[in-house]
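Visitor: Please take these sequences and the hints and turn them into a complete structure.
Just so you know, the protein sequences line up as chains A and B, in that order.
The first sequence begins at 0 in numbering that gives the first Met the number 0 and counts up one residue at a time.
The second sequence begins at 0 in numbering that gives the first Met the number 0 and counts up one residue at a time.
There's no promise every hint is true.
Derived CB-CB ranges, DEER-like [to be verified]:
id, chain 1, residue 1, chain 2, residue 2, range
1, A, G475, B, T5, 39 to 47 Å
2, B, A108, A, H6, 37 to 45 Å
3, B, A39, A, P275, 30 to 38 Å
4, B, T94, A, D281, 31 to 39 Å
5, B, H140, A, R318, 42 to 50 Å
6, B, A39, A, E19, 50 to 58 Å
For the chain A half of the interface with chain B, some residues (derived, Cβ under 7 Å), not all of them [as the list claims (entries may be wrong)]:
id, residue
7, V343
8, G378
9, G442
No lab work stands behind these hints, which were simulated from the structure alone.
For every residue, glycine included, the Cβ atom is placed at its ideal position computed from N, Cα and C.
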Amino acid sequence: MHRMESHVDTASPTYRVYREHNLALADELGAALHAARHERPQQALDRLAEQDKLTVRARLDLLLDRGAPFLELMALAANRHYDGEAPQALLVTGIGVVSGREVMVIANDSSLKGGAWYPITTRKIVRALQIALENHLPVIHMLDSGGANLHLQDEIYAWAGHIFKQQCQLSAAGIPQLAVVFGYCTAGAAYTPTLCDQTIMVRERGAIFLAGPPLVKAATGEEVSTEELGGADMHTSVSGVADYAVDSEAEALTLARDVVGVWARRAKADSDRRDPEPPYYDPDELYGIIPDDVKKQFEMREVIARIVDGSLFQEFKPRYGDTMVTGWAFIWGMKVGILGNNGVIYSEAANKATTFMQLCDRDGVPLLFLHNVTGFMVGREYERRGITKDGAKMLMVQANVTVPKLSVLCHASQGAGNYAMAGRTWDPRLLFAWPNSRSSIMGPEVAADTLTQVRVTALRRQGKDPTREEIDLIRGDVTAHFEETYHSYYLTSDLRDDGLVDPVQTRNTLGVSLSAVLNAPIVRAPGGVLRI
Amino acid sequence: MALEITVAGGTARAVDLARHGARATITIDGRDYAVALGPAGSGQQLTVESRSERVHVVVDHDMAWVHAFGRAWELSLIDPVERTAGAGASEDVATAPMPGTVIAVVVTAGQEVAQGEQLVVIESMKMQSEIVALRDGVVEHVHLEVGATFERGAPLVGLVPLAAGDDDADGGKG
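Guide: Here is the structure:
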């Protein structure tokens, strides 16, 4: 492998403009994350203290190994939904280390709305459990939720069943689960602790039952206290629904660490490794490389040089299909096959990507997709040369590789290009996005043109002839809708990625991610590699 | 395998090494030298033909630093693939890499441009791309105006070579 050669001029005016732009985006992201994680009304914090409860962040501090990385996932969930009343969808999830084992943590945040579930909360749990299943990560459920937000029950109910089914699948796959019950687990939610291998309950606070005291009274007339009906002592000594009763949250979390400490340590997947080294080129320079407009182009090799160990990259087919950059590198000592876009995908670029993926799949090398793709090339010349056929090959191979896939939306990720590069719906093990990134079915200008034309035609058919101003108004509406819904904050709010990442944090994020995905064995499906 | 190595950023030398046990033949730009290298104290003893010298070598990826003959030499290995990257890009006419629309024309006819300088900006497939000068020259003709559409391979900007030695005479700004 050779050290890449950088051609970035850090003294150029463009570099300085881009840098200022991207530093502002990084600050905005930092502020948004801080607000979502920590900013709560004093009243909410007082209420937790009155109930003798810790904040979810304090619980995590007690659970996780000190000094070990915690890769929080979907941290800005629901930031553009529900009028912002459910920061993080009132749930914290991420990959962390407990007693030396990599685990998935799923923890309710009861500081607001009693930690109620919203539809996005439900989908966030489903996604976290999917990540746990695919990557063989043990799960620690930290339960403290008032249950479903009944005003939104239909959308919650549509997804919630997955959670319990996934818990059953985790058990069958030999992946341990532990529940710590800090609050009520009522009705369906009662099954989460009950489906875990082991469950810890906090006395006087935690409860598990199919119906709480008021509902029991309404249904049968029976009057019963919470502790009698589903408290820690009853469940750990009478019903056997739970296993350990403790007096405080701190005790519960200490015990949780002990329980996890007994779990089997499993060997990681067989994958090429070497001693990690930092990139030769400073990742901080990414701020000056990423353009200030999603339409402006940049060289993806400059990004790779600031993410991979030693800026060392063995490029595959460097002179062919140059809008697709392919090659091997190491990130935190773990080998990856990288596919990065330099804009639009042509037939040659697609074919190069297809062959490269087959090579990596055969050799058991995880794939990393770095998106800056506006789609497959359109036009007569390209259709005649079968661009769709070449795109289909790329999709076919990408969908069926058995090695883990990771994706980062670095800039544009549009049209079928997003699919070809293992976008969200193609199930990469983990997918992250930079705050400057945009993703949609097509570019906003084209969409605005098309939709404006459709509406104007419809008005004319009704005999109305819209004026110039009215047409501008229609266009303004359409553009505004598009600008909102292809924005990184909107997409992350709706869980189209596993989190927004500050570009300079990409390397560390990918390091933790690779380490996590290697918990599952790489099952190779050997086949011949086609030179297409 | 023949390697290309530069010393202190100078001209690249073609270097080939053939080992015969403790001795070796090194071929530099076609000329053979009998050499030997062995440990000596904290460094190594290098023998080239009849001359012997104590050397210290540090290798970091594609770079090596050699201390010999009373000073340090910086050696750089040229990647055989990167060497040819971007080669052949010296045409007189900047052409369109894909069909699209011109959204900005940065230069005018008669203007002197340096290699890598922006000529026009095009938009295609929701992307803006800068078309840059592939070599130093003078803009002969800008073929398209802002808003014009073009096919792949269409000429965008024509360049003519700089007249030798006249850069001070007329300033080159027609």
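Visitor: Next step is simple, just say for each hint if it's right about the structure.
Guide: Going down the list of hints, with the structure as the test:
no.: 1; hint: G475/A to T5/B: 39 to 47 Å; result: violated (58 Å)
no.: 2; hint: A108/B to H6/A: 37 to 45 Å; result: violated (28 Å)
no.: 3; hint: A39/B to P275/A: 30 to 38 Å; result: holds (34 Å)
no.: 4; hint: T94/B to D281/A: 31 to 39 Å; result: holds (35 Å)
no.: 5; hint: H140/B to R318/A: 42 to 50 Å; result: violated (30 Å)
no.: 6; hint: A39/B to E19/A: 50 to 58 Å; result: holds (54 Å)
no.: 7; hint: V343; result: holds (4 Å)
no.: 8; hint: G378; result: holds (6 Å)
no.: 9; hint: G442; result: holds (4 Å)
Of the numbered hints stated above, those contradicted by the structure are hints 1, 2 and 5, listed in ascending order.
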